[in-house]
Structure formats: structure tokens, C-alpha cells
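Could you build all of it, start to finish, from the sequences and the hints given here?
Respectively, the protein sequence lines represent chains H and Y. Position 69, counted from 1, in the first sequence is what our numbering calls 465; the numbers after and before it change by one each time, with no gaps. Position 27, counted from 1, in the second sequence is what our numbering calls 565; the numbers after and before it change by one each time, with no gaps.
Source of the hints: derived by calculation from the structure; they are not laboratory data. Glycine included, every Cβ here is placed at the ideal spot set by N, Cα and C. The reader is advised that the hints may include incorrect statements.
[To be verified] Incomplete in silico selection of chain H near chain Y, CB under 8 Å:
#, residue
1, Val423
2, Phe426
3, Arg427
4, Ser428
5, Lys437
6, Pro439
7, Phe441
8, Ala481
9, Leu484
10, Gly490
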Amino acid sequence: EDKVVQSPLSLVVHEGDTVTLNCSYEVTNFRSLLWYKQEKKAPTFLFMLTSSGIEKKSGRLSSILDKKELFSILNITATQTGDSAVYLCAVGTGANSKLTFGKGITLSVRP
Amino acid sequence: DGGITQSPKYLFRKEGQNVTLSCEQNLNHDAMYWYRQDPGQGLRLIYYSQIVNDFQKGDIAEGYSVSREKKESFPLTVTSAQKNPTAFYLCASSMVGANVLTFGAGSRLTVL
Numbered sequence: 397e398d399k400v401v402q403s404p405l406s407l408v409v410h411e412g413d414t415v416t417l418n419c420s421y422e423v424t425n426f427r428s429l430l431w432y433k434q435e436k437k438a439p440t441f442l443f444m445l446t447s448s449g450i451e452k453k454s455g456r457l458s459s460i461l462d463k464k465e466l467f468s469i470l471n472i473t474a475t476q477t478g479d480s481a482v483y484l485c486a487v488g489t490g491a492n493s494k495l496t497f498g499k500g501i502t503l504s505v506r507p
Numbered sequence: 539d540g541g542i543t544q545s546p547k548y549l550f551r552k553e554g555q556n557v558t559l560s561c562e563q564n565l566n567h568d569a570m571y572w573y574r575q576d577p578g579q580g581l582r583l584i585y586y587s588q589i590v591n592d593f594q595k596g597d598i599a600e601g602y603s604v605s606r607e608k609k610e611s612f613p614l615t616v617t618s619a620q621k622n623p624t625a626f627y628l629c630a631s632s633m634v635g636a637n638v639l640t641f642g643a644g645s646r647l648t649v650l
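Shown next, in the form of C-alpha cells:
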């Protein structure tokens, strides 16, 4: 059975802090790892990672994948209250685009 | 603007009633998906379809049914056989073979 584990499940930080969100996985036939941000409703796509060691960056957010140790991290620097959300990690496997999601990490950024 | 429209946003149902959630997309995506989200559980796959008139069960298909008569539409019926239907339901779509899903805004179903 494919498994995706995110940690911590929740955290509270203050504006300006840097946070690191973790995602580890055990799956067969790995294709990609994706990060989504969910603010109450529709998850929105952040990054897709397929190769080890190549950092993807978008503004204050960055992510990297380690296919040997089977994990990924999502970093957010200089956090803002607008970063408060649930961050979902998902792993794509097989040829049918099936995604297995982790339980999500609830991030609260206090002013 | 292209996107996915789910309706209704909120729905209340009495026990024993079937209810159908609508999902329409104008992204020209071939693949469509239904996920269920419960607090602390992440997203779990109910059904998915990669082509019109064909669909496959996901991890938690019991008590649900779907149809795919048109490329744009993938409605989900929550039947009375679903023992714990109160949840947030998300519809998504993608190009076939692509892992990046586009999600709708969700439908929140409450069984009274």
C-alpha cells in the first residue's frame, strides 16, 4: 500500500519566521511528488518534483526532493499571514496519474 | 476563464437519501477525479475517469457511484449505502498521464 506521511501535522509561527514542512513516502513506481496549498477550499498547485537534488523556487517558497531517502521538504522564508493554510503533499505513481495524498500540514502564521 | 465548477457548495441531506454532486470543467482535460476530505485525513480518492464512458474505483468507492457521459462532466452520487457521508468533496481534472491536478472549490455535504 502506498503511503505519504507529512510532518509536523500543525505548527504556529510568527510573521518573518522561516518554516520547513516535511513529506516522506513509501510507494511503488514513483513518478512525481507534488505540493499544494489549500486555503479553505480548492487546493492550488505549488510545485512538482521529479528529480533528486534540483530545487524548485517561487518567491519565498522552495522545495527539493531526495529520491534516495524518499522525502521532500517545502521551505517558506519570511512567512506572512497569507501563508496560513493547509499544505498538502501528494505522490504520483504508475501510468494512470493516480495521486496518494498525505494528511496535510496546517500552518498558522501569527502577526 | 477555464476552470472546474462544483455545485452545490453546501448540501444537507437526511439519512437514507441519495444526493448528486455536480462537477463541470472547461479545461478540455480528459481525466477527472473525485476526492473526499475529512479533518485530519487528507484527500482520499473515490473514483476517477480517464475517458468518456469509462471510470475506475479509487480507494474508498463503496457507497458512491459516478457517470462520465460527457468529457466536461463527472457527477458523483452519494448513495444511502455510504455509512458516513458527511465530508468535503473535491473534484479535480488533469490531462491524461499528467500528475498536476486542477481542483474545484468543493462541495460540503452534511447528513442530518
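Going through the earlier hints one by one, which of them does the structure break, listed in rising order? Of the numbered hints given earlier, those the structure breaks are 1, 2, 8 and 10, listed in rising order.
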